[in-house]
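Undergrad: Our numbering numbers the first residue of the sequence shown as 139 and each following residue consecutively.
Because the hints were derived from the structure by calculation, they are not lab data.
It should be emphasised that the depicted structure is a prediction, and the values quoted were computed from it without experimental measurement.
Hints are not guaranteed to be accurate.
[What the hints assert, rightly or not] Derived CB-CB ranges, DEER-like:
{"no.": "1", "residue 1": "P140", "residue 2": "E165", "range": "17 to 27 Å"}
{"no.": "2", "residue 1": "D141", "residue 2": "R234", "range": "35 to 45 Å"}
{"no.": "3", "residue 1": "Y242", "residue 2": "P207", "range": "27 to 37 Å"}
{"no.": "4", "residue 1": "D225", "residue 2": "Q189", "range": "17 to 27 Å"}
Just so you know, even glycine gets a beta-carbon here, dropped at the ideal spot from N, CA and C.
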Amino acid sequence: MPDAIRQFIAAHVPSVERLEVLLLLCESRPRTWTIDEIEQRIRSSRESIAQHVAALITGRLFVALDVAPVRYRFAPEAPALERVVVDLAHSYRMRRVTVIQQIYAERANRLANDSPACST
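Please take these sequences and the hints and turn them into a complete structure.
TA: What follows is the structure, given as structure tokens:
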């Protein structure tokens with residue numbers, strides 16, 4: 139897996155669910171989505187989807203459109219971000235297990251780095 143994808147996963151993709159939300163909007167662009175529409179497609183809780191969308195907005199990967207109801211679109215701030223997401227989508231289609239393993243390896247690294255050292 140290319141380093142750019144590994145780094146992107148470490149920075150933006152803490153779960154497979156986040157990956158699914160990201161790729162749904164990326165692969166369906168320029169379509170816009172509501173939280174409810176994403177929820178129906180991903181089949182997860184509305185609250186969880188809303189948290190992922192908010193994180194992807196903060197990560198400058200999605201934008202919220204000022205309409206009612208609010209709609210979201212994949213709109214990376216930089217072309218390099220768009221390229222790595224497209225590459226990630228391709229990797230996920232071709233080597234799904236490898237991508238999932240990388241997500242969970244990053245999660246384990248974060249947990250190990252966040253836990254206090256044991257002392258005896």
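Undergrad: Hint by hint, note whether the structure agrees.
TA: Results for each hint:
no.: 1; hint: P140 x E165: 17 to 27 Å; verdict: holds, 19 Å
no.: 2; hint: D141 x R234: 35 to 45 Å; verdict: violated, 20 Å
no.: 3; hint: Y242 x P207: 27 to 37 Å; verdict: holds, 33 Å
no.: 4; hint: D225 x Q189: 17 to 27 Å; verdict: holds, 25 Å
Comparing the model with each numbered hint stated earlier shows that hint 2 is the single one that does not hold.
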